[in-house]
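Going line by line, the protein sequences match chains B and D.
Using full-length UniProt numbering, you'd call the opening residue of the first sequence number 1 and step up by one each time.
Using full-length UniProt numbering, you'd call the opening residue of the second sequence number 1 and step up by one each time.
Among these hints, one or two may not hold up.
Stated by the list, open to error - Covered stretches of chain B, going by a simulated chain D footprint (3 or more residues, C-beta under 8 Å): (1) 154–167; (2) 195–209; (3) 233–247; (4) 260–274; (5) 292–302.
None of these hints come from the bench; they were simulated from the model.
Here the structure is a predicted model, which means the values were calculated and not measured.
In this text, a Cβ means the ideal position worked out from N, Cα and C, and glycines have one as well.
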Amino acid sequence: MASNRQSNPSQREKAARIRHLMETEGDAIYAHASASNLRRTQTYAETDGIEALRTETRAIKEDAIERLPSLLETVREAVEENGGTVYLADDAADANAYIAEVVENATGGDGDGTDATGASDTPSVVKSKSMTTEEIDLNDALEREEIDVTETDLGEWVIQLADDTPSHIVGPAMHVSREEIADLLREEFDTDDPFDTPEALTRFARDKLGERIREADVGITGANFIAADTGTITLITNEGNARKTAVTPDTHVAVAGVEKIIPSIRDVEPFVDLIAKSATGQPISQYVTMLSPPTDSPTIDFDRPDEPIAGGGDRTDGESSDQTVGDDGGASDSDRDFHLVLLDNGRMEMREDDQLRETLYCIRCGACSNSCENFQSVGGHGFGGETYSGGIATGWEAGVHGQDAAAEFNDLCTGCTRCVDACPVKIDIPWINTVVRDRVNRDEASEPYDFLVDGLTPDAESGGIDLGKRFFGNIGTAAKLASATAPVSNWLSQADPVRAGLERTLGIDRRRDLPTFQRESLVDWFERRGGPETSRRRAQRANESGAGAALDREAVLYPDVYTNYVDTDRGKAAVRTLEALGIPVRVPALPESGRAPLSQGMVATADRQASELYAAVAEDLDAGRDLVVVEPSDLAAFKREYERLLPDRSAGRLAENSYEICEYVYGLLENGADAGVLRTGSGDDPVAYHSHCQQRTLDLEAPTTALLEQCGYAPRTTNAECCGMAGSFGYKQEYYELSMDVGDRLAGEVDGAERVLASGTSCGDQLETLLERSVPHPIELLAPR
Amino acid sequence: MTTDTVGRFERELEALEVGFTRVRAADASDAIETALEEPAVGVSLPFDGVSLPDSVRRAPTAGDLVDARTGVTPATFAIAEYGSVAIESRAAGDEPVSLYPERHVAVVAESDVVPDLSAGFDRLVPAFEDGEDSLVFATGRSATADMGGLVHGVHGPGEVHVIVLEDR
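Next comes chain D alone, as it looks inside the complex (with noise of 0.2 Å):
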């Protein structure tokens, strides 16, 4: 998408307090490791030349999951105006891998930051119509205010990081 879009998706998540790295396909791998803290779990990344570093456990176990500090998800699209990352829930375990450890890295290609909520739904609905099952739109931290003031981190991430992989 255009510059402007991803440029008001970095915007958004800086509010957010959501770390942000714009890198070519080439160094996605050392950015996905310096965003990062070990022990890290991952689900493979469907981008052309972009792999997962070799610190990030594939395929992880239960107790993988439990024990992970980061989880590295692909995102099938992510949303300018709101800092939102659509998460898929693939048979890999996109859902928990992002989800279960403390800290979420979130790869999503730059073609595919849209500027608003409708863009996003126009992506959305076909593909559930078409029988896509799940789709979580992810939006900064997790957060509670129940407990006598705002914390992050309470189910889900308190620390997310999105890689924004540029067009060649």
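Okay, chain B solo, but in the shape it has when bound (with noise of 0.2 Å):
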């Protein structure tokens, strides 16, 4: 590992490699990526039951994963008695070794007489698209054996010739414009063919591919389910390609990670219905092929084109062209054979780890990668490991290539959480992310603490994090100094020497603004302006003139650390809204909810303020308050990772207590405050909003627009999944430059728009940034002066 000191060469590398991929693949992927997101959001939205297909799924993989040793036995009987062969491969090399086997023995090479035909002796195999053997290698190992492999996913295809990697799971050649597809054709196949339109380049394709399939010995597909009851397959493309390749040679392998098995041929359904949805937003895909192999489908051979493909079968009346061809018996026996080759690969062991064993209920949909903005940037060559991309492959990398290779990406995860709505499968990403950060955090070697941070990081971490994340996870300790020392504090970090000096030592960004932070914190102007007991007296006026709702609750605003120290102008206007309809406030002291550590990995260190919060407000909820947040990523700690950090009953009742700010506002409208004692808007004034990511996935961007709506204004929200601040990795040396590309295209959504809202502080100060304006919190506009 790179010591702290040497780790700024490293960043600048690392800043280089994701400027590269922006500038040579960023387009493409976008333009493939964000279109497939918005689909696969419209298509759930206008899907009855979405969110019960999407629990039965997740029940599905969850029981079929527990129960996985058992149902590998039941696989292997039932496609034993179908009459094919089943082999689990440890590993890599184990399943290389097999399929090669299968290979040679296929086309002769077990000596018992070759093809009299005259092929070519070199053994040809036709793959369709799978992941699963792109973990394993299968191509290389397969040519090391002098065995000829096409893919005839087109994609796949474009990747195999230009000797690539896929840059996503669906869209493996997403990164490739047609025009440089067009320029690898015309080289590969020394021709003058314009291909100027995408069928033509289809067109060719489809005619070099359909020559190989005809010709070849084995097919090998993947298999996107497979029910262990019936020893079913099923096999899902819009191409085409799965299908010939199953069926055409008489010898099909059929490679699948073990956790591709789901008890029974009824499970197949709700996958079946959701996962063209989640991958593309199709209601369903144009193949969905289910067989147990091997079938009854006659098997082709195109070197005898006069014989029958079906021997005998459909024979209906006088057609009898059969008498071509009288050496071995016809090419429609059932001599078919079929291979089922399941990879553990690592999984058996990720299924016993409580952390990874998620993502083995992950159906390769790639919707998590469409989702996020970061893989819009850069795609999965970035962010990415040796074979998976997006945010679900930090789990797959970790589990089936080993920790560092998930570590080399995983930091481009922030954790917006945008991909939890999107995961057919409801596999909790981001938790993932955060894990096997940490989990990287403790592999670094051990570093002595440096002077500068020392005290600034009262943590729990052990090992030897990178000093820029311990700096970031301990965030809150480092801004009640700042705080403490304002203004000298905001003149210090505008100094140069001082920039440089956070950028050598911490690996921030000296183009970023950094925050300026108040003398006065909230929860001292709270205290200064007369406490609670002047807030009740507020309160009450407010209820006896009618304005309020006359509720008879209480609310504690909870002072994050941004809104407390840094932008306290949303904390105060949160203040004076709640005590205008009614509600008497509280601004306590309270300790950091965990969201920074949590965002570097530090998962000890959130843990303990977990336990310090819900300590510190358990009072608050015993008495019946109400507690109000406005920092969603806040929030969104509490009602989302505290489930794993806390107890049940605690983690239950403090997210069933807490309440965003704009649906705690909007639920007092509904119960009769006034919203004519707020600053309202003259019913249809434009306002941009963009919601927080994290709200988002809390279902909570609705309130917000509903508030605003209610108080006159005619809001528009932003389809950006995120502003690509998230926290501290704006700040960050080596992401600076990819942070402000997604910034830039949300500011673009919002740009002509006269009046912009952001509910996150990260939002916020990135859209101010960009646009060069203030950028409010809706709760400011709303707020009387």
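Could you fit the two chains together into a complex? Lean on the hints.
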């Protein structure tokens, strides 16, 4: 591992690599991935019962992985009874050796007399797309055995010809433009064809690949699902190549991870219903093939063009053109050979790992990639490991290739959680990324504390975490100090030598504006104006005047780090709004939520903070007070991650009694409070509103837009899933430009708007930098002056 | 099934740009003839009173399959909500005949048009548990977006026509 002092060059290298990918592949990736994401979102919204479907598939996967050892036995019995063979491969080498042997045997290498047709001696294999065969580098292994391998999925074929690697789980050549494909084919096939349309390219590919399929000795496919009870594999394609690959040659090998097994053929239904919707937003894929090989479908020997494909099965009338070949009984015999190769390669260990197990529920639809703003900018060559890409890749790479493979790109997950809504089987992908980041942190060689950050890092971490991560994980401590010493700390942080130092030691990019800390924190302001007593009187007056909801409730406003020390205005606006609507407020000094350490993969520190926070608010909860939160990322910690950090009862109580500020205010209006005391618009005042990513995942965008509408504004929401700032992410030297690339897309959506609002601190900061104007929280627009 | 189900099926097919004809069994042969482009290959149709037109080559050879412009097969059932036809891989060669030629003409009985995927699985599951070994849900035309734009007709047919046989 690089020492802390040497980390800057590697950060610069990483920044350069990301920049290169954004320049060379970013446009194509963005066009495809964002379009798929939009279609997926629309299709989910239009599908009745989509949530029930996701819950059902999730439950089937949980059950299947739980029962995997016995299902392996069930599937073996079923496939063998059907007449096929099952091979359970421990690892890549084991699987590759077995498959090579099957190919050798299928092409007469077993000495029972070679093909009399005079075809080339080189065994040939056609493949349909399979990420699992990418994982084991099957093509390379077969080629080393002098076996010809041709990918038949057009995207995979392009990748194979270009000697490239897939940039997306579903669209492997997503990063390659039509012009680049045309150049590649002209060079590879020595032709002058202009290939100036997608149709021309497709026609050429189909003809070339058609020949290869007709000549092939063996067809290799993956399997999207395997039903244990009947030994049925499901293949899903749009092109039809998997159908041809599976049934044309007389030997079919299906390669799949053991996690693809589900208990029964009945269980296939919800997955078929869901996978195309999540992958591309199509209602269903063009071809869903369910087969329990070997099938009755006749094999076809294209070297014997005059032979009926059905060897006697369908000769209903006088057709008898089967006299030209007489050597070995015809092609349409029942000599089909089927091998199901089930790959372990670390999966059975993942199954035992409480944190990585969920990865095995993945159906490889790529929805997590498409919904990820960082992925949309860099694609799978940046946001990916040896084989897999996108958010879920961290789990796969850590499980099948080892933690180092995941460590390479794991930081590109900012924890925005937009993939959580996208994942068809509801995998908590951000949590997997957090846990693996934590494990990577712990594996770093332990370094002595740096003097600069020593006092700033009262965390619970062991091991040699990167200094920058440690700094951001303990941001509350730094913010408190910066606030206490403001404005000196603000002057200092703008000085060039200081910025250079921050960049060198902590990796904070010097181009990024630093927050301006307030000398008076929100908590101090609240105390100075009279604390809870004053607030009670104000609320009482509102209730007496009829403006309040008269609900006999009381709110504790959570002073998150930024609201307390940096953006105190939105905290003050929240207090004034609640009071004006009849709610007395308290703003006690409360512990950090754990959001900051979670984002750096410092789970032990977050765990400690969660316990401290719960202890600090337990009395308020017992007293029936509502915890009202301004910063969505902190609310998301209470509602999502605390489930994993606190006992169920504690997490449940806190989650139930926590509210996002606009959600809470909307509730007050619904309960009779008078919106007239707020600063209302004229009825259709346009505002552009970017809801925070984690807020959206909590389904809390709608209450804010409803509140704005009720207060006389016409909010238009953004399509960008995230602002790209994501807490500390946009500060980091290696990710600054990526953060700005993502932010530029968001800024482009709201640029022309007269008024722009954002709920998250990060989103606001990012937009203010890019738009060069103020971007307040909605509550600041609505609060009475 | 109900008129609504067939109506739904027809609308979905239209959205998928798949041709649709609804005929009485007695007129099926003519409808198939109209829907196909020669040369055509086909497999026998298991519907009473329905036969392939003479122009369709039965028991095709491998060579016929390569040369064919159209393949005619029955569909075991169809799924209205998605506009899918279920093609069984019979020994007669339904799978290659429906897959290799550029144009696929599928013939399905009106009573076999089921409303949704779930009803489709109600047909499929007992069949597979009974030893049925292959079924393909084919929806619309073979497609790819891998070559810089959406193109139909890749490895599978780029044109599809469905003929629904009215119940008597």
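Hints, verified against the model:
no.	hint	in the structure
1	154–167	holds (count 3)
2	195–209	holds (count 8)
3	233–247	holds (count 7)
4	260–274	holds (count 6)
5	292–302	holds (count 10)
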